[in-house]
Amino acid sequence: MSKGLTLKKVSTEAKLLLIGIPVFLWTIIPVYHLVLFAISGRDEATSGHLWPKNPTLQNFDFVFNQKHFYLDHFWVQMGNSVLIAGAVGAITLFVATSAAFAISRLKLAGGRWVMNLALFTYFIPAAFLAVPMYKTMGNYGLLNNQWSLILAMVTIASPYCIWVLKQASDKLPWELDEAARMDGATPLQLFRLVYLPLMVPSLVAVGTYSLLLAWNEYLYAFLLLSNDNKVTLAVALGHFLSADDSPWELLMATGLIYALPPAAIYYAFKRYMVGGLTAGAVKS
Amino acid sequence: MATVSFRKIEKAYGPVKVIHGIGFDIADGEFVVLVGPSGCGKSTLLRMLAGLEEITGGEILIDDKVVNDLESKDRDIAMVFQSYALYPHMTVRDNMAFSLKLRKADAKLTAERVENAARILNLGALLDRYPKELSGGQRQRVAMGRAIVRDPKVFLFDEPLSNLDAKLRVAMRAEIKALHQRLKTTTVYVTHDQIEAMTMADRIVVMHDGIIEQIGTPLELYDRPGNLFVAQFIGSPAMNVFEGVLQREGGVMSVSALGALWPVAGLSGGSHGQKVHYGIRPGDLTLADAGIAAEVVVVEPTGAETELLLQVGSGATAQQLILVMHGRTDAQPGQTVHLAIDGAMAHVFDGQGGQRL
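These protein sequence lines are chains A and B, in that order.
Counting from 1, position 280 in the first sequence corresponds to residue 279 in numbering that gives the first Met the number 0; the numbering is continuous, with no gaps.
Counting from 1, position 85 in the second sequence corresponds to residue 84 in numbering that gives the first Met the number 0; the numbering is continuous, with no gaps.
Isolated chain A (complex conformation) (with noise of 0.2 Å):
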C-alpha cells in the first residue's frame, strides 16, 4: 500500500488534514470546555488544568435534583423545550407539506405567488421581526402564553421548509400522480398513499430542522415568555448570567444536557439531513 501513496497522494492528504484539522480544533474546543466546566467542581472549574484533578458528576446531581436557585423549574423548562419543539415540528411539517404538495403537485393557481413570498421572507433577519411579533402576540393575547412561541417558530420556519419540500417534490415524477388518478385516486389519497410515503427523507429532513431551530432558539422565547414556569430551558440559561457570580460549571452541566437531544437527533437522522437539505439544492 505504502508504495501507491504517490506523492500527488500525499499532497491531497495533507491539503485536507491542513483544512480539517483547524474546523476540527474550532468545533471541539468550546464542546471540551463545555465537558470540562460539567465535571469541575466549582473552585476547581477555572483552574486552567487540561483535565481536573477530581472530576465529578456532582454537578449533574444538582441539576436533576433542581438544587440550585437557577435550577428550581429545570424539568418544568426541559417539558416546556421539548413540549415547544415538538409542536412547532410538527405544525411546521403539517403547513409545509400541505402548501408544497398543493403548489407542486396539485399546480396551485397563484403558487408561483407564494414561493416568491416565502422566499421574500428571508430578506428580513429575524431579530428585526422581533418587536413587531410581540406587538402581535400581545393583540392576539398570547403574550407568556407558550402558543405565541410556537406560532412565532412556525412562521420564522414555515417558509424555508417550503422551499425544501417544493424542489423536493417536483423531483417525483408526474407520471405517479397520473397513474394515481387514473387508478381512482382523489388529491387526498393521491397525497396519503402516494406523495407522503415517496417524501419522507425530506420531511425528517424538515421535520428535524424546524424542531432544532425550536429547540434552540433563544431571542424569541425570552422576548415571548417571562414566567420562570413558562420559558424554555435556553432561556433559563440565559438567567445564569444575571448574577456577578454565576455557577458556571452548573451551567456547563445544564447546556450539556441541553446539548444531548439535537445531538441524538442529528445522528439518528443525519442520513436524511445530507440528503433531505441538499435534494432541494440544485435543480437537476
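Quick caveat, the hints were computed from the structure, so don't treat them as lab data.
Honestly, I wouldn't trust all of these hints.
[Said to hold, decoys possible] Distance condition first, Cα-Cα at most 30 Å in a straight line; then the derived DSS-like pairs of lysine-lysine:
1) Lys-72/B x Lys-170/A
2) Lys-170/A x Lys-7/B
3) Lys-72/B x Lys-106/A
4) Lys-170/A x Lys-16/B
5) Lys-7/B x Lys-106/A
6) Lys-106/A x Lys-103/B
7) Lys-106/A x Lys-131/B
8) Lys-170/A x Lys-131/B
Got chain A sorted already, so can you dock chain B onto it with the hints?
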C-alpha cells in the same frame, strides 16, 4: 369492451394549435396504433382520451357516451406509461391491487384478480418484490398487470416499449399482442416506431403535425400509402422516392426520371407531363440482365438478405437507391447492375400535394 370515437378533436396550448380536428372510430376489441414522428400529437390525443389533458374542441366518446367532462377514474380506462410509473414504495402485489383498493373492492376479489393477472403475465414469483428489484421488462409487465387487474373498457399504451433494449422490445411486442388476443380489450397504443405499429396493430392511424395522414390496416398502408408522407414513414428500409415526370404514350405509362423510364401500372389519375414523385420499395427492385443501369456503391449482406446501395444517374441528378434482395449476390462496389421493376409495385404521388395518383 367498448368502442371509442374521436369527433373533430382539437387541442391548443394557448395560441398554439397542436391537433387540428381529428376524427375516427375504434371498434370494440380493436387494437389501434397511433404512429407518427415526435411532436405529431399522438401522445396528446391519447392523453385526452385518458382524461389527463383538457380537450380544446370536439368530443371523445367511449361506448357512445361523451366523456369530455368525466374524470380519468370515471372513464373506466387503464394506461401503461412509458416510464412504467410504478409506485416505488409498494410491492408488485400492492401496485397491482392499488386501483381496486381505492375502489374499496372486496379483499378476496382483489387477491383473485391480482393472482390472475400475475399468472397471465408470469409475475407470480415477483409479487412481493419492490419495483427497484425488477428488471425493465418485469417492470413493464407489472405496469401491464396493473392495467389488467382493473378489467377496464379500454387499454391505453403510451410508448410502453421505448425504455427497453432492442431484444426485449421484440419479446414484449409479442407479449402485448398475445395479451390482446387473449383479453380482446379495445386497445389504443401510441408509438413512434413504425415496426411496432406494423407488427401489432389491427389498424394504424398515421399522424403528422396534428392531422391524420392515413388510417388503415398495416398492409393497406404498406401496399397503398395514401400520400408521400405515409409512403416514406411506413416500411423499413424506407421507400425509395425521387422526382420525375409522368409520361403517357399510347396506353403505356411511365415516369421519366434520372435519365431513365420507370414503369408504372394501374394508375387511376395523372396526366401526361405532370410532375410526380416516383416511389419503389427496396424489396420491389430486382437485379436483372437488362434494364435501368445502376452503379453499386455498398453491399451489405445480412445473411438471409442482402442490401445494396445503388446510384442511378450521374452528376447533379444522381440518386441513391436501396435494393433489398433475398439470398446473396456477387455484385461488387463500382460494378454496374441492371434493375427490373414491376410497374404494379410502383407508387406515384402528385408532385405538388404528395397525394397518391
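We went through each hint and held it up to the structure:
no. : hint                  : verdict
1   : Lys-72/B x Lys-170/A  : holds (24 Å)
2   : Lys-170/A x Lys-7/B   : violated (36 Å)
3   : Lys-72/B x Lys-106/A  : holds (19 Å)
4   : Lys-170/A x Lys-16/B  : holds (29 Å)
5   : Lys-7/B x Lys-106/A   : holds (29 Å)
6   : Lys-106/A x Lys-103/B : holds (28 Å)
7   : Lys-106/A x Lys-131/B : holds (28 Å)
8   : Lys-170/A x Lys-131/B : holds (17 Å)
Violated hint: 2 only; the structure is consistent with all others.
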